[in-house]
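S.K.: Chain residues, written in single-letter form:
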Amino acid sequence: MSQQTAEHKSEWPLWEVFIRSKAGLDHKHAGSLHAADAQMAIENARDVYTRRMEGVSIWVVESKYIHTSDPDESASMYEPANDKIYRHPTFYNLPDELKHM
Amino acid sequence: MIESNQLVNKATSQLSYTLQIADNALIMGHRLSEWCGHGPILEQDIALTNIALDHLGQARSLYQYAAEQFNALPAAEKEKFFVSPALQSIIATGKAMDEDDMAYLRDGWDFRNVLLVEQPNKDWAYTVVRSLCYDAFNFFFYTALQKSNDETLAAIAEKSLKEVTYHLRWSSEWAIRLGDGTEESNKRIKEAVTDRWQYTGELYTMNATDKAMQEAGIGTNLDDIKAKWQERINAVMSEAGLDIPSTGWMQHGGKEGRHTEHLGYILAELQFMQRAYPNMEW
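Taken in sequence, the protein lines are chains A and B.
Position 96 (the first sequence) corresponds to 139 in my numbering; numbering is contiguous.
Position 85 (the second sequence) corresponds to 112 in my numbering; numbering is contiguous.
Same shape as in the complex, but just chain A (with noise of 0.2 Å):
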């Protein structure tokens, strides 16, 4: 166990590497890696990720600074709107002489 901890503590941080293709106008989740800094983050997640020419900006957060939404409660926390299809905006007629809607 000890030998474990030695081990882990000799580890780089893991980071989230967030990729803007070029087409595309939000940052994407595209994995995750090892670094020892933000720049080395960037600089590893260039060269596994953007190899194949799939971006043009790069983010990185630390992983342990994502917080997520516990899965056991995702009944009381996403079910709610199931039935709640009026909160759609299907349910208006438009006038005709609005376009491009």
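Keep in mind the hints are simulated off the structure, nothing from the lab.
Among these hints, one or two may not hold up.
[Claimed, not checked] Cβ-Cβ distance ranges computed for the label pairs, FRET-style:
| id | chain 1 | residue 1 | chain 2 | residue 2 | range |
| --- | --- | --- | --- | --- | --- |
| 1 | A | Leu68 | B | Ser116 | 41 to 49 Å |
| 2 | A | Ser112 | B | Glu266 | 37 to 45 Å |
| 3 | A | Met96 | B | Thr232 | 37 to 45 Å |
[To be verified] Where chain A lies over chain B, by a calculated footprint (3+ residues, C-beta under 8 Å):
| id | stretch |
| --- | --- |
| 4 | 126 to 137 |
| 5 | 280 to 286 |
Note that the coordinates shown come from a computational prediction; the quantities given were computed from them, not determined experimentally.
Even for Gly, the Cβ is constructed at its ideal location relative to N, Cα and C.
For this one, chain A is given, so just place chain B on it according to the hints.
M.R.: Frame of chain A, contents of chain B only:
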């Protein structure tokens, strides 16, 4: 007659010059490719493999150009140019030379790379120091070569410079990380700098080919490159907290085909398939 002799001399110098640049790229690329599957961490394994492929790509463009130049030489000059028996037998058949012949069928005497690039990887620190010294040279060399009268070399330089800029950034950062890192990393990079320094002088020392090509407006002035190289290396070393070794004896010979024993082992591995199974393709 004198005029045509001068033209032939210029053509053979230009070919030697192209091969000097190409051989540096091939041997450096091969050395870095040896890290593939052995990198200290997956991400750096991929980084080094990418860089190795950049060098290999540059070598291909340069060998294609070298083959084209060789095929245009007068027959008598072709016979004199290479020592390697495998190339001599191609020349005897009258077949045109191509990029693969240049890489796979030349023996060590016909290779013109500097001694620095053939030195073994040894460990991460040695690899980083070799890359730093070579990348800093390559960066200023290709920057200057963009202005060459030789349009093909100028175009290759322009395309390669983007890659080399990243190589130099990679090796500079690692030199700083190791020098300014732990006691162990500092000790190792110090040793690597002390050991490898003797191979750096050859990068910027002009031989007859370099001089002839500079006079012809094709090559670059390596004295200018030397000053820029030293300035850049000084800056990186001082940020890394490393001392520049006091310049002692510098090793030479690679550009003239006199190599350290390491090149033979590289070529044995690099050329094995083509030598054992001639003309095989895959």
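S.K.: Check the structure against each numbered hint from earlier and tell me which ones fail, lowest number first.
M.R.: Hints 1, 4 and 5 contradicted; others consistent.
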